[in-house]
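Asker: Once you have looked at the hints, place chain B on chain A.
The listed protein sequences derive, respectively, from chains A and B.
If you use my numbering, the first sequence corresponds to residues 4 to 336, in order.
If you use my numbering, the second sequence corresponds to residues 4 to 336, in order.
Since the hints were derived computationally from the structure, they do not count as laboratory data.
Errors might be hidden in some of the hints.
Copies of the same chain look alike in the list, so a pair counts if it works inside one copy or between any two.
[To be verified] In silico lysine to any residue, SDA-like type, Cα no more than 20 Å apart, as pairs:
| # | residue 1 | residue 2 |
| --- | --- | --- |
| 1 | Lys329 | Asp26 |
| 2 | Lys171 | Arg204 |
| 3 | Lys120 | Glu36 |
| 4 | Lys97 | Leu50 |
| 5 | Lys277 | Ser263 |
| 6 | Lys274 | Leu304 |
| 7 | Lys274 | Ala314 |
| 8 | Lys97 | Glu54 |
| 9 | Lys274 | Asp234 |
| 10 | Lys97 | Val247 |
| 11 | Lys211 | Phe231 |
| 12 | Lys175 | Phe200 |
| 13 | Lys240 | Gln176 |
| 14 | Lys97 | Gly118 |
| 15 | Lys329 | Ile30 |
| 16 | Lys171 | Asp158 |
| 17 | Lys274 | Leu332 |
Number of protein chains: 2
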Amino acid sequence: MSNPSLGVVAVGNALVDVLTQVDDEFIENQHKENGMERGAMTLIDELRAVELYAQMPEGVESSGGSAGNTMAGFASFGGNGGFIGKVADDQLGKIFQHDLRSMGITFDTQPLALGAKTGRCLILVTPDAQRTMNTFLGASVELTATDIDEDLIADAQVTYLEGYLFDKDTAKQAFIAAAEAAHNAGHRVALTLSDPFCVDRHRSDFLKLVESHVDILFANEEEIKSLFMQDDFDDAKSAISEHVEIAALTRGPKGSVIVSEGQDIHIEAAKVDKVVDTTGAGDQFAAGFLYGFTQGETLELCGRLGSLAAAEVISHMGPRPQASYKDFLSKAA
Amino acid sequence: MSNPSLGVVAVGNALVDVLTQVDDEFIENQHKENGMERGAMTLIDELRAVELYAQMPEGVESSGGSAGNTMAGFASFGGNGGFIGKVADDQLGKIFQHDLRSMGITFDTQPLALGAKTGRCLILVTPDAQRTMNTFLGASVELTATDIDEDLIADAQVTYLEGYLFDKDTAKQAFIAAAEAAHNAGHRVALTLSDPFCVDRHRSDFLKLVESHVDILFANEEEIKSLFMQDDFDDAKSAISEHVEIAALTRGPKGSVIVSEGQDIHIEAAKVDKVVDTTGAGDQFAAGFLYGFTQGETLELCGRLGSLAAAEVISHMGPRPQASYKDFLSKAA
Numbered sequence: 004m005s006n007p008s009l010g011v012v013a014v015g016n017a018l019v020d021v022l023t024q025v026d027d028e029f030i031e032n033q034h035k036e037n038g039m040e041r042g043a044m045t046l047i048d049e050l051r052a053v054e055l056y057a058q059m060p061e062g063v064e065s066s067g068g069s070a071g072n073t074m075a076g077f078a079s080f081g082g083n084g085g086f087i088g089k090v091a092d093d094q095l096g097k098i099f100q101h102d103l104r105s106m107g108i109t110f111d112t113q114p115l116a117l118g119a120k121t122g123r124c125l126i127l128v129t130p131d132a133q134r135t136m137n138t139f140l141g142a143s144v145e146l147t148a149t150d151i152d153e154d155l156i157a158d159a160q161v162t163y164l165e166g167y168l169f170d171k172d173t174a175k176q177a178f179i180a181a182a183e184a185a186h187n188a189g190h191r192v193a194l195t196l197s198d199p200f201c202v203d204r205h206r207s208d209f210l211k212l213v214e215s216h217v218d219i220l221f222a223n224e225e226e227i228k229s230l231f232m233q234d235d236f237d238d239a240k241s242a243i244s245e246h247v248e249i250a251a252l253t254r255g256p257k258g259s260v261i262v263s264e265g266q267d268i269h270i271e272a273a274k275v276d277k278v279v280d281t282t283g284a285g286d287q288f289a290a291g292f293l294y295g296f297t298q299g300e301t302l303e304l305c306g307r308l309g310s311l312a313a314a315e316v317i318s319h320m321g322p323r324p325q326a327s328y329k330d331f332l333s334k335a336a
Numbered sequence: 004m005s006n007p008s009l010g011v012v013a014v015g016n017a018l019v020d021v022l023t024q025v026d027d028e029f030i031e032n033q034h035k036e037n038g039m040e041r042g043a044m045t046l047i048d049e050l051r052a053v054e055l056y057a058q059m060p061e062g063v064e065s066s067g068g069s070a071g072n073t074m075a076g077f078a079s080f081g082g083n084g085g086f087i088g089k090v091a092d093d094q095l096g097k098i099f100q101h102d103l104r105s106m107g108i109t110f111d112t113q114p115l116a117l118g119a120k121t122g123r124c125l126i127l128v129t130p131d132a133q134r135t136m137n138t139f140l141g142a143s144v145e146l147t148a149t150d151i152d153e154d155l156i157a158d159a160q161v162t163y164l165e166g167y168l169f170d171k172d173t174a175k176q177a178f179i180a181a182a183e184a185a186h187n188a189g190h191r192v193a194l195t196l197s198d199p200f201c202v203d204r205h206r207s208d209f210l211k212l213v214e215s216h217v218d219i220l221f222a223n224e225e226e227i228k229s230l231f232m233q234d235d236f237d238d239a240k241s242a243i244s245e246h247v248e249i250a251a252l253t254r255g256p257k258g259s260v261i262v263s264e265g266q267d268i269h270i271e272a273a274k275v276d277k278v279v280d281t282t283g284a285g286d287q288f289a290a291g292f293l294y295g296f297t298q299g300e301t302l303e304l305c306g307r308l309g310s311l312a313a314a315e316v317i318s319h320m321g322p323r324p325q326a327s328y329k330d331f332l333s334k335a336a
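Isolated chain A, as found in the complex (with noise of 0.2 Å):
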């Protein structure tokens, strides 16, 4: 086992997120015409993404994707990270990996040449900062074993997987590929469950991959819930704490709770002035964990920079840091 270089390479969907404000009604009639669900990631095709956008008003455009977005903050603490993911060589793909790359992230995976466009996220933000999120995945579920860079891997402290790639077949078996990867060169796997609709589209997969393959994973109440059935959040932590060597369970206003060897450490959500749009929230959690973990700091401080960097992201639109993450370690120490 050598010392690897990087301290985090994620593994993801690479979507360019267009962000915008509606009003509740706007939610509304979506429910009511497209089933679109609040406060949920809605995957959609490209004629219903083509549709939405023509509907909606106008929008920011951001290089966005969960474990990207994890990986921007990553870099924002001043981390050194990779990213394995599938754009298109289009004008969307060329932005995402601009924005990774000019943060020093490693990624090199190649871009699709033919087929689907890169994938966007039509994220609509509702007065109360929560937001609705309809995923075009596009080239991102072209993914596949081969692009997985092992070498990569098996230089980083942690391959960090994001779970809404699970939702195509060809990119789930990329995923057990980079987990394999990892292990192999004696290295920890994380996962984030995502979004509780997509553990439900893909509950016995997931169940298999944690007992398996993961050592550290992250959740908020509603996915961690999902995973195991149970309406209660401590039959779930319970549960969860069976299988995995750290579980991060994040519960909003509530804190979160790190669960490890047993033990359950509790960490207070960090202060907000005004959140203005949650997008990014657990994304930006996992970041500041994984950065603490990945410097050997006490599980306790991984989950307190989790909550600063998640403070942050929520008290301005946009799900990737606009201030530096760089004195959030003095200030949680």
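Answerer: Coordinates of chain B only, in the frame set by chain A:
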């Protein structure tokens, strides 16, 4: 002279902005190596655009272009408007189209099928909230006189021309065609000088245009001084008053002066808690002024609406409204 159904039709560069925050050192290095002018708009070719983009930090993409920003503000006030400008048939072009149309703005200029890509403006915001712009015009300067929809122009009270279009000859001809169509329909022509360096590059043509075609002129202090090669603002102000019906001259935190029929109307700058990014200040001043003007308000009220819109846009990143301008009329009255 029929009753026009639109307030303003703008003719301008169709550009997508890439907005990013940099430190002062970044601009200094770019100045030394590439002649980038802090606070100004520098024209760059595609090769240089690719090179500069690769050096820039993570960005946020949004529709821009001076006149496009003005129309976004005009629509936010509740005005009916149109836009004439050239995008390419690519992903960024579709974003630009979508954003204007989503506000109800008529925008039917045929996209460029072959050749240049959609133009973009790489905007670097420094900690002092100043923006330095680097524009690859791309498809936007392929606008020709044949793109000028005379029926659309005949249907608008004011045709608003963006000075930046003067940077290419074919676009300049489109410009003149638009001005003539407006006057043939018995309507007014407004011009914004856009940038002191742009005025430098095309001074004699601008002077001819102002004398023969322009009824309402928008300029900031540096631009109007450059147009008449005067060091003193009052001298430049006197000079312009002889050539146009109305001149709206903006002076940043010192407010603005509306000059008309030998009278000066002084308008205070509206208060801003914190200036975050001055991108779009002039564009939104014009939006407010033109909204008031097309609603038949007094010139003083027009100026106050301009100040309120400019104050909103400099309080956040990006050149277009983030809050609705709908209540500014009652606020200013």
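Asker: Run every hint past the structure and note whether it holds.
Answerer: The hints, checked one at a time:
1. Only between protomers do Lys329 and Asp26 lie at most 20 Å apart by alpha-carbon distance; the minimum there is 16 Å, versus 35 Å within a single protomer.
2. For the homomeric pair Lys171 and Arg204, the shortest alpha-carbon distance inside one copy (11 Å) is at most 20 Å, but the shortest distance between copies (55 Å) is not.
3. In this homomeric assembly, Lys120 and Glu36 never come within 20 Å of each other (Cα to Cα): the closest approach is 26 Å inside a single copy and 36 Å across copies.
4. Within a single copy, Lys97 and Leu50 get their C-alpha atoms only as close as 22 Å, which misses the 20 Å cut-off; across copies the closest is 15 Å, which meets it.
5. Taking CA atoms no more than 20 Å apart as the test, Lys277 paired with Ser263 passes in neither setting, with 32 Å inside one copy and 45 Å between copies.
6. Taking CA atoms no more than 20 Å apart as the test, Lys274 paired with Leu304 passes inside one copy only; the shortest distance there is 16 Å, against 42 Å between copies.
7. In the homo-oligomer, the alpha carbons of Lys274 and Ala314 lie at most 20 Å apart inside one protomer (7 Å), although the nearest pairing across protomers, at 29 Å, exceeds that limit.
8. Taking CA atoms no more than 20 Å apart as the test, Lys97 paired with Glu54 passes between copies only; the shortest distance there is 13 Å, against 24 Å inside one copy.
9. In this assembly of identical chains, Lys274 and Asp234 lie within 20 Å of each other by CA distance neither inside one copy nor across copies; the values are 28 Å within and 52 Å between.
10. Taking the shortest Cα distances, Lys97 and Val247 never come within 20 Å of each other, neither inside one copy (37 Å) nor across copies (46 Å).
11. Taking the shortest alpha-carbon separations for Lys211 and Phe231, only the intra-copy value of 12 Å comes in at or below 20 Å, while the best inter-copy value is 76 Å.
12. Proximity of Lys175 to Phe200 under the C-alpha cut-off of 20 Å is restricted to the intra-copy arrangement: shortest distance 17 Å within a copy versus 55 Å between copies.
13. With identical chains, the CA atoms of Lys240 and Gln176 are never at most 20 Å apart, being 28 Å at best within one copy and 70 Å at best between copies.
14. In this assembly of identical chains, the alpha carbons of Lys97 and Gly118 lie at most 20 Å apart whether taken from the same copy (16 Å) or from different copies (19 Å).
15. For the homomeric pair Lys329 and Ile30, neither the shortest alpha-carbon distance inside one copy (37 Å) nor that between copies (22 Å) is at most 20 Å.
16. For a Cα distance limit of 20 Å, the shortest separation of Lys171 from Asp158 qualifies neither inside one copy, at 27 Å, nor across copies, at 51 Å.
17. For a Cα distance limit of 20 Å, the shortest separation of Lys274 from Leu332 inside one copy, 16 Å, qualifies, whereas the shortest one across copies, 37 Å, does not.
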